[in-house]
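**Q** For reference, the chains in residue letters:
2 protein chains.
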Amino acid sequence: MKKGMIKVNVFYPGGEGKNFDMEYYINNHVPLVSKTLGDALKEASYDKGLGGGAPGSPETYVAIANFYFNSMEEFGQAFAAGAPTLMGDLPNFTNIEPLVQISEVM
Amino acid sequence: MKKGMIKVNVFYPGGEGKNFDMEYYINNHVPLVSKTLGDALKEASYDKGLGGGAPGSPETYVAIANFYFNSMEEFGQAFAAGAPTLMGDLPNFTNIEPLVQISEVM
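Protein chains in written order, with my numbering: chain A, 166 to 271; chain B, 166 to 271.
Everything labelled a hint here was simulated from the structure, so no lab data went into it.
All the pointers check out, no bait thrown in.
Each computed DSS-like pair below joins lysine-lysine, with the alpha-carbon atoms no more than 25 Å apart: (1) K213(A) <-> K167(B); (2) K168(A) <-> K167(B); (3) K167(A) <-> K200(A); (4) K168(B) <-> K200(A); (5) K213(A) <-> K213(B); (6) K207(A) <-> K168(A); (7) K213(B) <-> K200(B); (8) K200(A) <-> K167(B); (9) K213(A) <-> K183(A); (10) K200(B) <-> K167(A); (11) K167(A) <-> K207(B); (12) K207(B) <-> K213(A).
A partial selection of chain B residues facing chain A, derived with a Cβ cut-off under 10 Å: (13) K172; (14) F176; (15) S222; (16) Y226; (17) F244; (18) Q266; (19) V270.
We put the CB at the ideal spot given by N, CA and C, even for glycine.
I would like the entire structure built from these sequences, with the hints used as guidance.
**A** If you want it as structure tokens, here you go:
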């Protein structure tokens, strides 16, 4: 990713009663994201939470998605068109309500 | 970053009474991180929070640091040696207690 790019994070916070099907996520949701966001999505990576900063402490997020776009406009257009498809797939792999943040790469 | 790498996130949650000097962070803390973690740090990127997922909603994190290591062992060694230096620099740019998460790149 380059300085000035728009980064969109989707954080999936864990906790009691929360479930997340990592296999479905990687094998089905990730390809759906690529297909749905198309050329606007310049780069994407996906992280699986292992733990917190202190040894033995739990991770805050079960999974973190990192999406990069050239501009806020390109993200906005792609997301407006694709959001219903992507949100609609959530119940297929998790009962977590994800936290979304938009950032600028420094 | 490659599949299987260890990713360490440092999240700086914003909020009332929280301050964060982005200029000091980028110009002083970021170079200190590179110098302190040395060759163990394979890649690093830094994000500035712009907003939440819903239009006009605030960002959760003022800043997010993304650090990549080849293995948990390499991260552990570098962090054990460098943590006092890096933590000691925090009061120079923020009063936020950062949230740390360790993940695996999927």
